[in-house]
Amino acid sequence: MAGLQYLAYGFAHFFVFKTVLLMLGGVCVGLVIGALPGLSATMGVALFLPVTYWLSPSESLVFLGSLYMAAIYGGSFSAILLRTPGTPSNIGTTFDGYPMAKQGRGWEAILTATFSSLYGGLFGLIMFLIFAPMLARVALKFGPPEYFWLGIFGLTVISSLSRGNTLKGFIGGLIGVLLSTVGVAPVGGNVRFTFNIPELIGGVGLIPALVGLFCIPEVIDMVLNRSKKQLYQEARVQEGMIWKTFVSVMKKQVDLLRASIIGFIIGVLPGAGGNIANLVAYSEAVRASKHPEKFGTGIPEGVIATETSNNAVVGGGFVPLMTLGVPGTPVDAILYGALLMQGLRPGAELFTRRADVVYTFIAGVIVATFVMVPIGLAFGRAMAKFITKIPLSLLAPTVLFLTMVGSYCVSNNISDVYMMLILGVLGFVLRKLGFEAGPITLGLILGPIIETGLVQGLLIGRKFARPWLIFFARPLCWVFIVLSVFFLFWPVIMKKRMIVSGGDQR
Amino acid sequence: MKGRVLVALLVLLTVVSLFAEKFPSKPITYVICFAPGGESDITARLQQPYLEKILGVPIVITYKEGGGGAVGWTELVSRAKPDGYTIYGTNLPHTILQPLQGGVGYKTEQINNIYFFQSTPCVLAVSADSPIKTFQDFVEYAKKKGIVTLGGSGQPSANSFATVRLAKLTGLNITYVPFSGSGTAVPALLGGHVDGLMTYTTMAVQYKDKMRVIAVATEERIPLFPDVPTFRELGIDLVEKAYRGIAVPPGTSEDVKRMLEEAFRQVNNNPEFVAKMQEMGFVIENYDEAAAAKLVAELIPYYKQLWEETQGK
Chain A
1 MAGLQYLAYG FAHFFVFKTV LLMLGGVCVG LVIGALPGLS ATMGVALFLP VTYWLSPSES
61 LVFLGSLYMA AIYGGSFSAI LLRTPGTPSN IGTTFDGYPM AKQGRGWEAI LTATFSSLYG
121 GLFGLIMFLI FAPMLARVAL KFGPPEYFWL GIFGLTVISS LSRGNTLKGF IGGLIGVLLS
181 TVGVAPVGGN VRFTFNIPEL IGGVGLIPAL VGLFCIPEVI DMVLNRSKKQ LYQEARVQEG
241 MIWKTFVSVM KKQVDLLRAS IIGFIIGVLP GAGGNIANLV AYSEAVRASK HPEKFGTGIP
301 EGVIATETSN NAVVGGGFVP LMTLGVPGTP VDAILYGALL MQGLRPGAEL FTRRADVVYT
361 FIAGVIVATF VMVPIGLAFG RAMAKFITKI PLSLLAPTVL FLTMVGSYCV SNNISDVYMM
421 LILGVLGFVL RKLGFEAGPI TLGLILGPII ETGLVQGLLI GRKFARPWLI FFARPLCWVF
481 IVLSVFFLFW PVIMKKRMIV SGGDQR
Chain B
1 MKGRVLVALL VLLTVVSLFA EKFPSKPITY VICFAPGGES DITARLQQPY LEKILGVPIV
61 ITYKEGGGGA VGWTELVSRA KPDGYTIYGT NLPHTILQPL QGGVGYKTEQ INNIYFFQST
121 PCVLAVSADS PIKTFQDFVE YAKKKGIVTL GGSGQPSANS FATVRLAKLT GLNITYVPFS
181 GSGTAVPALL GGHVDGLMTY TTMAVQYKDK MRVIAVATEE RIPLFPDVPT FRELGIDLVE
241 KAYRGIAVPP GTSEDVKRML EEAFRQVNNN PEFVAKMQEM GFVIENYDEA AAAKLVAELI
301 PYYKQLWEET QGK
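Top line first, the protein sequences correspond to chains A and B.
Per this note's numbering, residue 1 is the first one in the first sequence, and the count goes up by one each step.
Per this note's numbering, residue 1 is the first one in the second sequence, and the count goes up by one each step.
Keep in mind that the hints were calculated from the coordinates and are not lab data.
Some hints here could point you the wrong way.
In silico DSS-like pairs for lysine-lysine, Cα to Cα no more than 27 angstroms straight-line [to be verified]:
1. B:Lys210 x A:Lys463
2. A:Lys251 x A:Lys168
3. B:Lys81 x B:Lys257
4. B:Lys81 x A:Lys463
5. B:Lys133 x A:Lys141
6. B:Lys145 x A:Lys463
Predicted model, so just to flag it, every value in this text is computed and none were measured.
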């Protein structure tokens, strides 16, 4: 609990004009980067890392941390208004946020995302302060076999993500896993499935895939169905919704807590991040719900699950970063670089020797989480109004242009733009055939985690007479095996329950 | 009349500027072919302010990750403009091993290295709380258990070859477990998932309180770990390290290359920069274009042989 005493000290240090100004700047930059499809939080932090070169360690971290938190939140705007996740952490927000916008409840969806992000963000940071050193040791128990099962468990989430047709969901997931095998193998370095096209060595990037699979089908739809011109008119801002939505979100404490805990834990595990957390949280919300069939039709619970969890990831990821010097998420890897550049070595000694930096940083990000609410609402309001004002003939090309810029910016590579466009057309066809983008991207995210865990696990397992035994010899593995089996048969269990209860849903 | 004067003036200006335009006159993009935060990135970030001062233009660091560096290096030899305004970080033995393995869009000889400025020697490390205190302990442990697992960064890489060589020279049953980077291998050691790491000096410095280095793969002892013996002292002929430098696209003019070479040499001679680098565990190297080409030429047969030896294993 010493952390809380230090925190007061941190706040005192944080409230310096320059630091507060940097925090505000970080929030504004983060919101814009997050809201632009294709520009992820990772890229945002990487992009602005050089700017922090001239700042003191705590100023630099406050700026980058605020940017990170706000970008994850800002990603919900395009997820809700354009059906395109602003960052990989907002994939699940498209599932219910966009249908809400279509029903004319876009502003309500944005408000829901805002208060959920605030809740999740604060939860993660407070948990960090209380439990950091303890959790860091637990996270280390996660070895390759555990990551393999975590990946498998992640895939079973598809059964609750794919509404209506579980089989098609799994086929979609498989397509994603197959796409993830293109390029250099994560372990061993063999080059596979590139068909001698040098552009494919780098594999299918997550950002081009996200933008292509989610955004392009929407643009094609826009052009094909000109009659649905009114679509975006429905995102309009309704006055007097703020307090009402706040109350109704805060009433859902169970949902908020569940999503926060999921996000925080996934953040603590090195290597996983918001991209997985939001989908797992969404699927958990479906599983726990009394009316799972309503998910995907535009209910606030869906937005609450994803937007709470992805902001809780932020605090979770700081745990291994600050205590062990092991980055929890891709963004944390860049923050790690930022720390090193400042001459700070993350690890237990950072807490004792440079407590001023750590606690000023956390205090700054806590304030940023609050501050992003009014700034975010003003920004979201402007974005919603702007989108409704643009005529369709301009909106489609504008969005297309944004997707191209976004994909290009990933690594300044024109081949990423082609990849995005090809995947976009593929995504459109697949969607027409009933394959959703969600499971495909999940497969793309989890494929490398499963493959890496499998190969590394088998290598480590050479200590056993039968190497594969390692996947069944550890207690944490069994937790995921049981969870996976349970999830796999969830739709079957659900159906039985509905028949028993005489439910007439579906 | 006015028009004619204007045209004449314009022509004059163009001619003058053509002669006067000296390299560099606009920002230089420094491409890192890995994710931000790694050894290549940290070095580039440390070099950045000095380079800007020396060259007088902004240095913009960008990332082109993918394929363990292959995506960026393929672009370097095939698509980048040879005007000196885009330079790429390069790594050895990566640029030798990747073409050997095949499937990448560049050849080792196509990489025009201008300067190798640092290296990171391989070290054998165990967890700080491990019962293994010395290399002798390590050998006994391996014999008793019948097998040891060592994590490391990538495959094929300096780490993986050092491990394979160690196994061959000692006759011990050592399994190499590749990770996506030197940083990601650390939790596997700290969590006890692997018995040890074949890693770089930089990691050993960063995790000084969590790791115990039991041998270094250098010719001579390293000042950072004065008490740790080299493999050679232990009777094992194992020297292995990763070099980092910069390269320009093929066809870049001699003037531009000399300019860049000189800039990186000057940075490497800056005591402040050198102190920062050494503190982080980097070894400063000074291979200009000619020396770099010689180094690569020497290393190619060495790695070719190692590569063939390890095939099918």
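Here is how each hint holds up against the structure:
1. B:Lys210 x A:Lys463: Status holds; Cα separation ~24 angstroms.
2. A:Lys251 x A:Lys168: Violated: A:Lys251 and A:Lys168 sit about 35 angstroms apart, past 27 angstroms.
3. B:Lys81 x B:Lys257: Since the Cα atoms of B:Lys81 and B:Lys257 sit roughly 14 angstroms apart, the hinted pair holds (cutoff 27 angstroms).
4. B:Lys81 x A:Lys463: violated (51 angstroms)
5. B:Lys133 x A:Lys141: holds (23 angstroms)
6. B:Lys145 x A:Lys463: holds (8 angstroms)
Violated hints, listed in ascending order, are 2 and 4; each of the other numbered hints is respected by the structure.
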